[in-house]
Amino acid sequence: KQEVTQIPAALSVPEGENLVLNCSFTDSAIYNLQWFRQDPGKGLTSLLLIQSSQREQTSGRLNASLDKSSGRSTLYIAASQPGDSATYLCAGSLTETSGSRLTFGEGTQLTVNP
Amino acid sequence: NAGVMQNPRHLVRRRGQEARLRCSPMKGHSHVYWYRQLPEEGLKFMVYLQKENIIDESGMPKERFSAEFPKEGPSILRIQQVVRGDSAAYFCASSVGDEQYFGPGTRLTVT
Numbered sequence: 037k038q039e040v041t042q043i044p045a046a047l048s049v050p051e052g053e054n055l056v057l058n059c060s061f062t063d064s065a066i067y068n069l070q071w072f073r074q075d076p077g078k079g080l081t082s083l084l085l086i087q088s089s090q091r092e093q094t095s096g097r098l099n100a101s102l103d104k105s106s107g108r109s110t111l112y113i114a115a116s117q118p119g120d121s122a123t124y125l126c127a128g129s130l131t132e133t134s135g136s137r138l139t140f141g142e143g144t145q146l147t148v149n150p
Numbered sequence: 019n020a021g022v023m024q025n026p027r028h029l030v031r032r033r034g035q036e037a038r039l040r041c042s043p044m045k046g047h048s049h050v051y052w053y054r055q056l057p058e059e060g061l062k063f064m065v066y067l068q069k070e071n072i073i074d075e076s077g078m079p080k081e082r083f084s085a086e087f088p089k090e091g092p093s094i095l096r097i098q099q100v101v102r103g104d105s106a107a108y109f110c111a112s113s114v115g116d117e118q119y120f121g122p123g124t125r126l127t128v129t
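Heads up: the protein sequence lines correspond to chains F and E, in order. Quick note: to get our numbering, add 36 to the position in the first sequence (first position is 1). Quick note: to get our numbering, add 18 to the position in the second sequence (first position is 1).
These are calculated hints, taken from the structure and not from any lab test. Do not take every clue at face value.
[Stated by the list, open to error] Computed footprint of chain E on chain F; a stretch qualifies when at least three of its residues, placed anywhere within it, have a C-beta under 8 Å from a C-beta of chain E:
1. 60–72
2. 79–87
3. 137–146
[Unchecked claim] Derived DEER-like restraints, expressed as beta-carbon distance ranges:
4. F:T147 to E:S76: 45 to 53 Å
5. F:R97 to E:A20: 37 to 45 Å
6. F:S89 to E:D74: 38 to 46 Å
7. E:I72 to F:A115: 43 to 51 Å
8. E:E59 to F:T81: 17 to 25 Å
9. F:Q87 to E:S84: 29 to 37 Å
Just so you know, even glycine gets a beta-carbon here, dropped at the ideal spot from N, CA and C.
Please construct the entire structure, taking both the sequences and the accompanying hints into account.
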């Protein structure tokens, strides 16, 4: 059974810091990996998708990487801003067919202080 | 292109009543997923559907829960005879390829 661990569970940083969020899977046979953010009481916003043939993706100040051999992913946020405060979730799928359920970690709650 | 729509956003039911949650996928998306987020827990997969077919229901409780995605209209998650433990946020996602897009969720409260 696939389990996903996210470290740290919570993180508080001053504005402007660069930070790294970590995600690891018990089963390293990950096909796709997605990073999401969730604001309190809201749905999930997809941030980055790393597909099977890729090792990293970048969008603006965000960079996500995936090491399939170890089953680990990191989300790097550069020059953090108060608007980045949210819960960040990583989720992986295992199958090679399009349309596969995601297994989620419990998230890292990020607070960026002005 | 409107995002994934879910309604209602908030639903209150008394124990023993039925709850119906609706999800309209993004235009052109043929895959629908339902996930549940219990208080203080992570999101858990429930069911994956395509039009008129249940593809994977391995995360669905064996009793009282059912899901459908008819040829026309939204996907429906139905919970019969709700109990307090069903109180949670229920999220729907849709996809056409590898990336899943989530709706705002329905927050079910059972009193």
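Here is how each hint holds up against the structure:
1. 60–72: Check passed, 3 qualifying residues.
2. 79–87: holds (count 6)
3. 137–146: holds (count 7)
4. F:T147 to E:S76: 45 to 53 Å: Once the Cβ atoms are compared, 35 Å apart, the range 45 to 53 Å for E:S76 and F:T147 is violated.
5. F:R97 to E:A20: 37 to 45 Å: 27 Å, violated
6. F:S89 to E:D74: 38 to 46 Å: Violated: the Cβ-Cβ distance is about 24 Å, outside 38 to 46 Å.
7. E:I72 to F:A115: 43 to 51 Å: 45 Å, holds
8. E:E59 to F:T81: 17 to 25 Å: 20 Å, holds
9. F:Q87 to E:S84: 29 to 37 Å: 32 Å, holds
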